[in-house]
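Chains as they are written, first to last, in the numbering used here: chain A, 1 to 759; chain B, 1 to 149; chain C, 1 to 267.
Note that these hints are calculated values from the structure, not bench results. Hints are not guaranteed to be accurate.
[What the hints assert, rightly or not] Selected chain C positions facing chain B (Cβ under 10 Å, derived; list incomplete):
| id | residue |
| --- | --- |
| 1 | Thr76 |
| 2 | Leu79 |
| 3 | Ala174 |
This structure is a prediction, so every number in the text was calculated from the model and none was measured. We put the CB at the ideal spot given by N, CA and C, even for glycine.
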Amino acid sequence: MKSVGQSIRKIDGMAIATGKPVYTEDLAASNALVIKILRSPHAYAMITSIDITKAESLEGVECILTYRDVPNQRFTLAGQSYPEPSPYDRLILDQILRYVGDEVAIIAAVDEKTALLAMKRIKVEYEVLEPVLDFEQAIGHSSVVHPEEDLSVNFDIGLDKDQNITSAYHEEVGDVEAEFKRCAVVVEDVYYPQAQAHTMMETYRAFSYLDHVGRLIVVSSTQVPFHIKRQLARALQIPASKIRVIKPRIGGGFGGKQTGAVDVFTAIVTLKTGKPSIIIYDRKETFTCTTSRHAMKLKVKLGADQDGMIRAIDMQVLSDTGAYGEHAPTVLSCVGHYTLPLYNKTRAVRFDGQAVYTNKMPAGAFRGYGATQGTFALEATVNKLAEQLKMDPTELRLKNISKVGETFLTGQGVMLGSSSLDRCIARGKELIGWEGKFPRREVGPNKVRAVGMAITMQGSGIANIGTASIEIRLNDDGYFTLLTGATDMGTGCDTILSQMAADILEIPMEKIIVNAGDTDTSPYDPGSYASSTTYVAGTAVVKAAEELKQKILEQGAKLLGVSLEDVEFDGLGVRTDSGDKKISLVKLAELTVLGDGKLQLVGYATHGSEVSPPPYVAGFAEVEVDRETGKVDLIEYVAVVDCGTVINPNLARIQAEGGIAQGIGMALYEQVRYDEIGKMATNSFMQYKIPTRKDVGKVQIAFEESFEPTGPFGAKSIGEVVANTPPPAISHAIYNAVGVRENRLPITPEKVFLGLQKQ
Amino acid sequence: MQIELTINDKMVKWDVANDEFLADTLRSHGLLSVKKACDTSCCGLCTVWIDGKSMLSCSVLALRAHGKKITTIEGLPKEAEEFAQILSAEGAEQCGFCSPGFIMNVIAMKNELVNPSEEEIIHYLTGNLCRCTGYMGQLRAIKTYLGVA
Amino acid sequence: MFTILNLVQPDNLEEAYQILADKRNNTILGGCAFLKMGKKRINKGVDLANLKLSYIHEKDGFIEVGAMTSLRELETHPLLKEHYNGVLPQSVRHIIGVQFRNCVTVGASVYSKYGFSDLITALLSLDTEVELFKAGRMPLGDFLARPKERDILVRLWIKKTLRQATYLSFRNSASDYAVLNVAVSKLDNKWTIAVGARPSKAAIAVSASAMLSQQDPTLEKIEEVAQRASEELSFGTNTRGTATYRKALCKALVKRGIMEVLSCKSN
């Protein structure tokens, strides 16, 4: 009756696939006030006057709020554990507007048409200021994006706001300059991974209402209900105990919903009016007024011995965090944290980075979270090194990757607990047909095919910070309730956590009811980000289930009148070893909850890990390039994944395929683009092209299981690591095909064409 | 204006505004499987059948539904469940937001194409975007559903 | 968001035209996909749904296509698959998706003269006439050259011949607008090379087309013709590509188009 390792269907699968009304908008009261936001047309401006009288007098308008009507306490919208590493640089509405789309006024009316009509009647005058649009010009720019004195931080993140520096991070071990001098081969290059939009299919939305004791209830399409609760408390200046956040089914997040984009607007309207209110961002607002991946400039320098041992790595990073700094420091540090440990034969490493404010839509969390950008830059440089050394790129990896039991320079002595990366590389080579295809082969008068590869790592939860609690309760009817704050955004963690509990308790999964994502009833969980749920919440599930199993045994022994050593539990009930006495689980439950037992059995555990064991992916791309036009056709992509034990093969495979598709989008098709005045040009699916099913080619996923001793059933994580390999693998393949090295993403056909012209 | 139409085999009379689009009309009448996700007729999530043909309900004026037969996934419980079972067995429904529109188009495809090749399947469904799955799991489910290799 | 104060469904074209001519902000409603994205305040929206303009049939040596025919119908109709090497279905099959093409009409696609139009380029390579209610019947090229006017596009007339044609488009991703598109056709020894999405609307490369009058052009000749086409037409820069790139694409696609037509078997 094993559940772990089985491709069990998601417990909510049928309901959501057949369109049952279980998403945020479906659950809102039909008379909820509709909220619309008036937004700044300028990238950087100050409101000099704002007149809402004509708008307010319109029939059906319930309230209009401006910067004068909101609390003066700055906060962050970042979904991160408290104390957040994020600057408290936001107000609900600010007199200063810092990007095109920044909120100017909140309008709540009886319906959408009225709210939009009212919006037209609001008169605003702006003092337009010179915006900082180029992140390479941000430091020391004459315009300071955050001139306010009340911007604060919880601890030093390297903020120097007068220089437009949001955060700085520096790490070094050894002397890279001295090592470079000693190296036989040194290569370097500069890379520009672009800002990418999440484009989750369900846009941002939330609704709120006041309950029967006057508490604020917010139902939100969010990845981080507990963080939202805390943010709202600070932003609204009310006790967190007065707020309840509920997460229903949500239509994707990918990190976008790890920042609280809309919740504060519905919350403040409901508080001010006493009425239920709902806010739904349309697709344009989702593109232009939420967050994107951090665009970056990375300079990577590698030095190696003649035999290919990489001895020194130097990374310099400039990260564009846009108008607000939510995830700036953490994404920045993850660029190094989730790349440098890949190669541990180094004698010196150095990481130096800065995140800067600009007057554009803020950047935020996006699957990969810095590792994506860092992987592109590092792996492209390693591939360049392989070419210089005249060594097969896969051989170069195998020589240099960290192995189990080893440490790495910036790891503070932590030993690698599990890895099958070497097997991932070998298997990937086989599946793509590397030997016969590397580097290239002509396939027609103007067409050439080639292969490229890259490796990547990520983390599993945040060491020492990520904490999750789980409660499992035995109900009177013999069913179990698993309570968790983990937030399933379609990924299937509700299902995975049940699988784990079912295995420990030796019961069929159908006997578990999952109750999740409600800050009133769920035990604390940070939410779904940092690839934590399987690893951190999963371990808490294992612990809680084991505790409950033990209690069931103890109660069973007591009810049977025998000692604990003489009984065993088999999922159906407790029986003596000889079998002469037994009590069914159902009966035991009934007696303990309702009857003489007087002891509702509960298993409870909190888990946080001191380590964040890396999952790995080896990615291989085969492309066909048309020399005349520069068109790149993706023929096949192979990704071999080490996520430790695979808890649910189908769900893991879909995660991998989905992540690869997003990586393919980043490599070839997607770009968040702004015009000369800072207005976002890519504000719809017409202009921002995510891959369609014709664009992804054939994607093949394989797993090479390792066993992570600190993980539940040996599992690590998979959510983010799968997004990182396509940009470097595909750019490598293109280079191998036609000798064009394109370091600015996306690699469009015109860029390849121009590269070919230059030859 | 009032329109008369058949919705999921039931004849109804609805009051609609001149510039109202069918997707909003359907949702306001409780057919919440119809999702709006893009505002620019690009994504396919709002797919319903009008007289048996897959169309984007977000781009059809409600008035044009007058006299027509509209089908949403709520009106195809057996067929929808049949394919949804296969899709969910693959794990390929993921967040589920694109699923109802996708399933409507898959069933339409099954009704229209005979023994489609993989290329034909992919071509027919190109107008259904998905951000979660990378499309491979959906293709596996369709092949199982159609009984093709 | 756009608004429509009144919606009318006239029973005949005269009535439809009268309403259109009556006020500046009275508009013919096509598929509404683009109207939806705009902010037009329409006084009277004229729906042509009752005018039985959704058809494709043969008449008097022409293939007649009604203005309310959907792009999907155009894509799947046997008459159009069998003629001109199926160039018309070829031209529309990459537009967004099946559902979208079920919603968009031929009339709106041609009347709007959009630069990015795939269909116009393909039609231009054939012997296509448009029939407007007021201005009457005229070659497609003439219609494209006319200034904007208020009229109703009623139907297309495509001459039924053994013309062989092919359509190619270059897109940065599968469902994007084309960076450039090309349609090449040949009847007896007369060739027509049409290039669209330049990004401006489709035009015929007259001089290049005339250069190609022989039975079996050499590869060298084909390249020369493609070069000429890329030189005689003008190209512009937008977010999808630069003028220089479009020029290079023109050369490549025209060359490929000619070779594809040459490899067609005559009916």
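Hints and how they fare:
Interface restraint check for threonine 76 of chain C: the shortest CB-CB distance to chain B comes to about 9 Å, inside 10 Å, so the restraint holds. The interface hint given for leucine 79 of chain C is violated, since its Cβ lies 18 Å from the closest Cβ of chain B, which is over the 10 Å cut-off. For alanine 174 of chain C, the interface hint holds, the least distance from its beta-carbon to any beta-carbon of chain B being 7 Å, beneath 10 Å.
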